[in-house]
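Novice: Chain by chain, the residues:
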Amino acid sequence: MSATIWKLGDCPAGGHISGKIDGKVAGRMIKEAKNPLLIVGKLACEVDLGGKRLIDYAIEMTKKGIPTVASAGSSKEYPEDLDISMMGAVEIVNKLQNPEYGLNGKPHDLVITMGIQYYLASQSLATLKHFAPHIKTLALCARAHPNATWAFPYMPDYKWKEEMDILMENL
Amino acid sequence: MVANDEEVLNAKLKKFRTGSFRLDGLELSIGKVTKPSEIDEMIEPMGPTPKPNMEDLRDWDMKLLKRYPPMYSPTCDICCLCTLGKCDLTGNKRGACGIDMKTQQGRWSLLTAFTGMNTHLSHAKELVEELIELKGPDVPIDFGEMTPVESPIIRVVTGIAPKKLSDLVEVIEYVESQVPGLVAAIHMGQEGSYLDYESKAYHAGMLDSVSMATADIAQICALDMPRGDPNAPLVEIGMGVLDQTKPTILCIGHNVLPSIAMVDYMREHDLEDAVEIGGICCTAIDLTRYTQKAKIVGPQSMQIRYVRSGFADVVVVDEQCIRVDMHEIARSVKAPFIATNTKAMHGLPDRSGDDIDEVVNDLVSGKETGVLILNREMAGEVAVRVALGVAPKRQKFKITPSEDEIIAYAKQCWHCGACTKACGNSLPISDAMYAAIEGDFSKLAALDDSCVGCGKCEQECKRFIPIISLISKASEKAFREHKSVCRVGRGPITDVEIRKVADTWGLGTIPGAIGLIGCSNYPNEHREVYEMAEELLMRNFIVAVSGCGTMSVGWYKDAEGKTLYEKFPGAFVARGLCNVGSCVSNPHISDAGIRVANVFARRILSGNFQEIADYVHNYVGACGLVWGAYSQKAFSIGMSFHRLGVPAVLGPHSSKYRHQYLGNKEDLETFNVRDIKDGSVHNLGPVPEHMIYVAESKEEALVMCAKLCFRNNDLPEGRQLKLTNYIDMHKKYYGRMPEDLPYYVRSEVDIPYAAKDEIMEILDAAGWESKRPIKSPTLLDPKDLWTYEALKQGKKWYTV
Ligand code: SF4
Ligand code: SF4
Ligand code: SF4
Numbered sequence: 001m002s003a004t005i006w007k008l009g010d011c012p013a014g015g016h017i018s019g020k021i022d023g024k025v026a027g028r029m030i031k032e033a034k035n036p037l038l039i040v041g042k043l044a045c046e047v048d049l050g051g052k053r054l055i056d057y058a059i060e061m062t063k064k065g066i067p068t069v070a071s072a073g074s075s076k077e078y079p080e081d082l083d084i085s086m087m088g089a090v091e092i093v094n095k096l097q098n099p100e101y102g103l104n105g106k107p108h109d110l111v112i113t114m115g116i117q118y119y120l121a122s123q124s125l126a127t128l129k130h131f132a133p134h135i136k137t138l139a140l141c142a143r144a145h146p147n148a149t150w151a152f153p154y155m156p157d158y159k160w161k162e163e164m165d166i167l168m169e170n171l
Numbered sequence: 172m173v174a175n176d177e178e179v180l181n182a183k184l185k186k187f188r189t190g191s192f193r194l195d196g197l198e199l200s201i202g203k204v205t206k207p208s209e210i211d212e213m214i215e216p217m218g219p220t221p222k223p224n225m226e227d228l229r230d231w232d233m234k235l236l237k238r239y240p241p242m243y244s245p246t247c248d249i250c251c252l253c254t255l256g257k258c259d260l261t262g263n264k265r266g267a268c269g270i271d272m273k274t275q276q277g278r279w280s281l282l283t284a285f286t287g288m289n290t291h292l293s294h295a296k297e298l299v300e301e302l303i304e305l306k307g308p309d310v311p312i313d314f315g316e317m318t319p320v321e322s323p324i325i326r327v328v329t330g331i332a333p334k335k336l337s338d339l340v341e342v343i344e345y346v347e348s349q350v351p352g353l354v355a356a357i358h359m360g361q362e363g364s365y366l367d368y369e370s371k372a373y374h375a376g377m378l379d380s381v382s383m384a385t386a387d388i389a390q391i392c393a394l395d396m397p398r399g400d401p402n403a404p405l406v407e408i409g410m411g412v413l414d415q416t417k418p419t420i421l422c423i424g425h426n427v428l429p430s431i432a433m434v435d436y437m438r439e440h441d442l443e444d445a446v447e448i449g450g451i452c453c454t455a456i457d458l459t460r461y462t463q464k465a466k467i468v469g470p471q472s473m474q475i476r477y478v479r480s481g482f483a484d485v486v487v488v489d490e491q492c493i494r495v496d497m498h499e500i501a502r503s504v505k506a507p508f509i510a511t512n513t514k515a516m517h518g519l520p521d522r523s524g525d526d527i528d529e530v531v532n533d534l535v536s537g538k539e540t541g542v543l544i545l546n547r548e549m550a551g552e553v554a555v556r557v558a559l560g561v562a563p564k565r566q567k568f569k570i571t572p573s574e575d576e577i578i579a580y581a582k583q584c585w586h587c588g589a590c591t592k593a594c595g596n597s598l599p600i601s602d603a604m605y606a607a608i609e610g611d612f613s614k615l616a617a618l619d620d621s622c623v624g625c626g627k628c629e630q631e632c633k634r635f636i637p638i639i640s641l642i643s644k645a646s647e648k649a650f651r652e653h654k655s656v657c658r659v660g661r662g663p664i665t666d667v668e669i670r671k672v673a674d675t676w677g678l679g680t681i682p683g684a685i686g687l688i689g690c691s692n693y694p695n696e697h698r699e700v701y702e703m704a705e706e707l708l709m710r711n712f713i714v715a716v717s718g719c720g721t722m723s724v725g726w727y728k729d730a731e732g733k734t735l736y737e738k739f740p741g742a743f744v745a746r747g748l749c750n751v752g753s754c755v756s757n758p759h760i761s762d763a764g765i766r767v768a769n770v771f772a773r774r775i776l777s778g779n780f781q782e783i784a785d786y787v788h789n790y791v792g793a794c795g796l797v798w799g800a801y802s803q804k805a806f807s808i809g810m811s812f813h814r815l816g817v818p819a820v821l822g823p824h825s826s827k828y829r830h831q832y833l834g835n836k837e838d839l840e841t842f843n844v845r846d847i848k849d850g851s852v853h854n855l856g857p858v859p860e861h862m863i864y865v866a867e868s869k870e871e872a873l874v875m876c877a878k879l880c881f882r883n884n885d886l887p888e889g890r891q892l893k894l895t896n897y898i899d900m901h902k903k904y905y906g907r908m909p910e911d912l913p914y915y916v917r918s919e920v921d922i923p924y925a926a927k928d929e930i931m932e933i934l935d936a937a938g939w940e941s942k943r944p945i946k947s948p949t950l951l952d953p954k955d956l957w958t959y960e961a962l963k964q965g966k967k968w969y970t971v
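As given, the protein sequences belong to chains A and B, one line each in that order.
For what it's worth, our numbering labels the leading residue of the first sequence as 1, then goes sequentially.
For what it's worth, our numbering labels the leading residue of the second sequence as 172, then goes sequentially.
By construction, these hints were calculated from the structure, which means they are not laboratory data.
If a hint is listed, it holds; no wrong ones were tucked in.
Here are the simulated lysine-lysine pairs, PhoX-like style, with alpha carbons at most 20 Å apart:
hint: 1; chain 1: A; residue 1: K95; chain 2: B; residue 2: K237
hint: 2; chain 1: B; residue 1: K836; chain 2: A; residue 2: K95
hint: 3; chain 1: B; residue 1: K627; chain 2: A; residue 2: K7
hint: 4; chain 1: A; residue 1: K136; chain 2: B; residue 2: K264
hint: 5; chain 1: B; residue 1: K902; chain 2: A; residue 2: K76
Taking CB as the label site, the calculated pair distances span:
hint: 6; chain 1: A; residue 1: K64; chain 2: B; residue 2: M908; range: 21 to 29 Å
hint: 7; chain 1: A; residue 1: E46; chain 2: B; residue 2: G518; range: 42 to 50 Å
hint: 8; chain 1: A; residue 1: E169; chain 2: B; residue 2: D602; range: 29 to 37 Å
hint: 9; chain 1: B; residue 1: S601; chain 2: A; residue 2: D109; range: 33 to 41 Å
hint: 10; chain 1: A; residue 1: G51; chain 2: B; residue 2: E888; range: 48 to 56 Å
hint: 11; chain 1: A; residue 1: D109; chain 2: B; residue 2: E837; range: 19 to 27 Å
hint: 12; chain 1: B; residue 1: K648; chain 2: A; residue 2: D165; range: 37 to 45 Å
Positions of the beta carbon are idealized from the N, C-alpha and C atoms, including for glycine.
Construct the entire structure; sequences and hints are all you get.
Specialist: Right, here's the structure in full:
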């Protein structure tokens, strides 16, 4: 099933719109990925899902051992002893076009994005869609991302929190 | 060509220093001219590429593109340029003509840069032609003794040193000669390489710089605008600057000539104190360079808000960045509308040949709501007379709602979120409506600083709520009272300023020069631009501003009521806030880098683009910061910076330009340089790391700007200082030490003393090894350095 486009003006060519996904499937997908990579943007620090910020979920995911790039200052929220890489969202996306590149030295099969400005995330996912065919992408933003391979559909924040909680349980 | 006119040359030579200088073992003698016959000998030799065609600088482009390959982010998966399509190019597939997605993005790059460049070319052509008509062909192009090189970029690209207004015609003819080839390359079934498309886009960008420089030096010299004056006066800026007790004219756009005609008419008829004139966008900036009685209302994003608020009695548009529905908006507040340019005629009746009294009467009576007047003087007279005639009738008629009406509108809101979906900044409008129902307008008012005034929300609202008007009303008090100041555009940065600053800047002991330029499509609050400028100034950077950036920097005041323009000097010095002027003044900023190559390193300028760009790239620590770029012009300006070797950091909306040019420090070999002395190959680190970089947040932009000011030629104390800044900002905004220090510490002497132990630990852990320093890095084959070639051939010439 395909997700409805959230941001007006997004017009991917027929047949390429992202698959709609829920927290349970997303969690399993991340768990089963050979070498996932998480990219966390600055907005993750500002999105409050009712007592828990998006960055808190990201930190929990990193703690589960997912290689993580914290972009644009989101690193500031990470505990100092947690191993993350600091670079721009555009820098990591640029590197990911190389099928041999991996943050941990091994190529990634799944790239997860969260907390990046909608349009910057959309453009970054477009780069990966067109020029990194070896990578599947998963957008955990509650504003449907048509350029991702899979994305959450558009949903209100309380529902987003529910799905994130389910995702964490399934990770 | 270069200073062939003996008289002018003699005059100029008097200003030049005598003496001698050394360029890595080669000595150039500089003596006094005693006989005219010696003059020719002493003229700067012409470089290898005067008036280059699109293939002439291709080798240089490919060098840059190897270091900084384009990263593409398509905004659309298809191409629909010809009827063989639509073609789905998803996943880099090929269309029916054989083009793949990458090459299609390269084509977009050219298309965008080309559109921007032609806009400035056309603007420049109109200015030069009309100013020649107005002031004569012999207006001298002279920026005074402090600035003997009148336009570095024009000299570097074309080899022309314009001495009078009519000399600019040859410059324009050269740029025009490049147009057919560039536009033809966009046609289906032409270029098959994305890199060649990029090279052509650079060409368009470079030509854009030449066009802008032509426009600005023409208007500075013919209209007597400030010529490199760091103490140019302060002028009022803000939504509340136009005195609402008087008739007001609002000018929108970039071409200052119609507004100048209004001011001249007012002067001639002693009406300067009777009518208020102000502007939105670059026309306003340029008008205040002509008269400080004019005022700057604000950047492009303020158009709807200002006009709907009823403040303008007459709206005059010229060209570029005007809302194309402005006639309708002006009509809604009963403000007559005058279009003045063939590029933007808005379907209006052409009244240029009609009797002036009749046109004035038609507009004042409302018989016509808008007219087209292509005669500059007539437009000036009509605008002033209509303002006087219509103001008593309009009584500042506005369509902003009352507070009760806001509540009534808010009650109609379905909270469907369609507005937020349409909004580029996804502003929480529905939440603000909930609060407004309760009579709390603070949430609506809070949207004001992040709203770019695009009107897309209103287009989507099925309840027909005039969202922008609600925001304006909610912030009305602040809006009406908003007054600040901005320094008038000073024009060029002088050769004398460069001489004073070149050693500290060129060798790296000033952390860098930041060109804070561009439009107003900001990702968050407008205020961020002011905050970035303030931080950079406090950190000792040189900050040069132009265009809407100029306004955003002056828009806010500190706790003591002072703007940055009042707190920092207007000179091109460390901690200087140097406003060069409007969009077409941008080349003055990049010219500062070229002036270093000339004044400090004595490189030949004329027709010597590649060598100069190579110099700027390796030696001049500068970076553009273009936080709200939206236009095609802004893109072509970015490309002009890029071809000249100057990096730029852009705001996140600029990811929609589809291109960035990013280095990859893991691929270190791409950053190899050669030593000018012997051609040996070295690696001094990934410096500067990127060329056009989109940042997600202002924090990321600041840290990246600091890093992109590193240059291969930094002296150890310079690199220490730059690293200190970089580390400090990184810790402040990222909470940790940067991970990539091993790339930027060339040897132990580069390490800032205060953090030596901490840095050494990082270096040791990374297995860091020191690099052998070289004094004279280049990306070129040393035999392609024209200055050295000329010296070897025993040529002699004067430099400034
Ligand atoms: S130009 Fe090429 S890719 Fe574009 S529509 Fe025509 S055939 Fe298709
Ligand atoms: S689009 Fe109109 S009705 Fe819908 S939430 Fe926005 S303001 Fe309300
Ligand atoms: S006018 Fe302002 S609120 Fe409306 S869509 Fe544009 S930026 Fe958003």
